[in-house]
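As a plain string of letters, each chain reads:
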Amino acid sequence: VKVRARWFIPLAALPVVGLLAYGFRTDPRAVPSPLVGRPAPAFELTTFDGKSLSLDGQRGKVVVLNFWASWCYPACYEEAPVLEAGWLRSQAQGVVVLGVAIQDKQPASLEFIQRFGLTFPNAPDPAGKVSIDYGVYGVPETFVIDRRGVIRRKHVGAVTEAVFREWVEPLLGESAAAGEPRRTLQEGRSNDRRPHAAGRTATGGTRRPEGPWPEAAGRTG
Amino acid sequence: MNRVVLLLGAWLVVLAMTTVDREVAGASVSDEDVHAIASQLRCVVCQNLSVADSPSEMAHQMRDLIRERLAAGERPDQVMAYFVQRYGEWVLLAPPARGLNLVLWLAPFGAVAGGLALVVTLVRRWRRRSDPAEPVAPPVMDLAERERLAAELERLPD
Chain A
1 VKVRARWFIP LAALPVVGLL AYGFRTDPRA VPSPLVGRPA PAFELTTFDG
51 KSLSLDGQRG KVVVLNFWAS WCYPACYEEA PVLEAGWLRS QAQGVVVLGV
101 AIQDKQPASL EFIQRFGLTF PNAPDPAGKV SIDYGVYGVP ETFVIDRRGV
151 IRRKHVGAVT EAVFREWVEP LLGESAAAGE PRRTLQEGRS NDRRPHAAGR
201 TATGGTRRPE GPWPEAAGRT G
Chain B
1 MNRVVLLLGA WLVVLAMTTV DREVAGASVS DEDVHAIASQ LRCVVCQNLS
51 VADSPSEMAH QMRDLIRERL AAGERPDQVM AYFVQRYGEW VLLAPPARGL
101 NLVLWLAPFG AVAGGLALVV TLVRRWRRRS DPAEPVAPPV MDLAERERLA
151 AELERLPD
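Chains as they are written, first to last, in this note's numbering: chain A, 1 to 221; chain B, 1 to 158.
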C-alpha cells in the first residue's frame, strides 16, 4: 500500500499539470468566430461623406471589412496605412476595403481618416448594430468576405501585408457564382459544432427573416 | 347566413387577438425583461461582467438591441439565440449543459463526492489504527495524590 501511495500522488498531479500547461499556452481572448464560413450579415450604412454603403452593393468583389476606432492605439494606427495601400493596389482587381468606425466620436474618426489620407469608404456605426451583427468584441477586427458574400476569415488585431497576401488575394481567383457556401479549412472544426444550431431549431419557423442566413430560409421553406 | 356570421365573428376574434398580441409585444418591453436577458450575456469588452452590469458603450448598445428585438416580437430565447449566432456560446455566462460542457457542470459534484470518499476512507483508517490501543482514561487525582503533589512541589528548589 505504501509503495502504491508513493507513486499515486505524483501520478495524480500529472493530468492537472498537463491541463495547466495547455491552458496557459492558449490565448483566452482568441475566441473563434462562429461566422467564418457563413454568409456575411447584410448592412446598410452611411459613409462619413454621406454616401450609402451596403454589403449588397459589393457583390462579386472580395470585401475587406475593417472595424476600427480612432482611440484604438496603436493597432488601428499600424494597420491604417496597410489597408490604404492594399486598397490602392488591388481595387482594380476586384478588392474593396470598407472601414466601419465603432464606438467613436465623429470628429475623432474624421481626424483619423484625414491623418492617414484614407480613400476607401468609411462609415460610422452609431448604434453598434453592424458590429454586434458581426460579433465584434474589440478593435481592430477585420473580416475577409469572398466574391459570393461568404465570410472566409476573421482577423483580430492589426491587418498586415501578410493578411492581404494570404487571405485576400487568393480569393480573387474564385468565381462569383453563388453556390453552396464552402467551409474554410481554418476554424472549420469550430463551425462543425455550431453552437447556434440548437438555438435555431428551438426558435423554429417564427424567426424574423434575415437575408444573410440562407440556410434558415432554405430549411423552413 | 348563419355560417357567414359565424365566420365573420371568428375572423374578428382572430383579428382582435393578433392586434392585441402585437400591441403587447411592441409596448411592454420592461426593464426587467431586458435585464433578464442582458444578465445572461457576457459583456464582450469586459472581464467577467454581464451585459446588464457593464457600463461600457458596447453593453449599452447590446441592451438597446435586446429591447428592440423584444419590441419586434421576438421571444427571449430567440434574442439569446441571435447573440449566440454572432458570438458563439462564449457569450453565454452559463454554458448550456450538454456535450462536453457537461464536464464543467458535473466536475464540482465529482470533486465533492471524491473529497467525501477520501475523508471517509481516511477516518476509517485512523479509527482502525487507534482501535487496538487501550482506551486511555483521563488521569484522576484523588485528594491524597493532590496533597502529595503539592508537598513535593514545595520541596523543589527554587
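Quick caveat, the hints were computed from the structure, so don't treat them as lab data. Because the structure is a prediction, the values reported are computed rather than measured. A hint or two may mislead.
Examples of chain A residues toward chain B, derived with CB under 8 Å [to be verified]:
#  : residue
1  : Val-36
2  : Pro-39
3  : Lys-105
4  : Gln-106
5  : Pro-107
6  : Ala-108
7  : Leu-110
8  : Glu-111
9  : Phe-120
10 : Pro-121
11 : Pro-124
12 : Gly-128
13 : Tyr-134
When the alpha-carbon atoms are kept at most 16 Å apart in a straight line, the in silico EDC-like pairs for lysine to aspartate or glutamate are as follows [unchecked claim]:
#  : chain 1 : residue 1 : chain 2 : residue 2
14 : A       : Lys-129   : B       : Glu-57
15 : A       : Lys-129   : B       : Glu-89
16 : A       : Lys-129   : A       : Glu-44
17 : A       : Lys-61    : A       : Asp-133
18 : A       : Lys-61    : A       : Glu-174
19 : A       : Lys-129   : B       : Glu-152
20 : A       : Lys-105   : B       : Glu-68
Some chain B residues flagged as far from chain A (calculated, every beta-carbon gap over 10 Å) [stated by the list, open to error]:
#  : residue
21 : Val-45
22 : Ala-111
23 : Arg-129
24 : Glu-145
25 : Pro-157
Note that the Cβ used here is the ideal one computed from N, Cα and C, for glycine as well.
Hint-by-hint comparison with the structure:
no.	hint	verdict
1	Val-36	violated (11 Å)
2	Pro-39	violated (12 Å)
3	Lys-105	violated (11 Å)
4	Gln-106	violated (14 Å)
5	Pro-107	violated (17 Å)
6	Ala-108	violated (14 Å)
7	Leu-110	violated (19 Å)
8	Glu-111	violated (19 Å)
9	Phe-120	violated (24 Å)
10	Pro-121	violated (22 Å)
11	Pro-124	violated (13 Å)
12	Gly-128	holds (3 Å)
13	Tyr-134	holds (7 Å)
14	A:Lys-129 / B:Glu-57	holds (12 Å)
15	A:Lys-129 / B:Glu-89	violated (19 Å)
16	A:Lys-129 / A:Glu-44	holds (10 Å)
17	A:Lys-61 / A:Asp-133	violated (21 Å)
18	A:Lys-61 / A:Glu-174	holds (10 Å)
19	A:Lys-129 / B:Glu-152	violated (93 Å)
20	A:Lys-105 / B:Glu-68	violated (23 Å)
21	Val-45	violated (6 Å)
22	Ala-111	holds (12 Å)
23	Arg-129	holds (13 Å)
24	Glu-145	holds (44 Å)
25	Pro-157	holds (50 Å)
In terms of the numbered hints stated before, the structure departs from hints 1, 2, 3, 4, 5, 6, 7, 8, 9, 10, 11, 15, 17, 19, 20 and 21, listed from lowest to highest.
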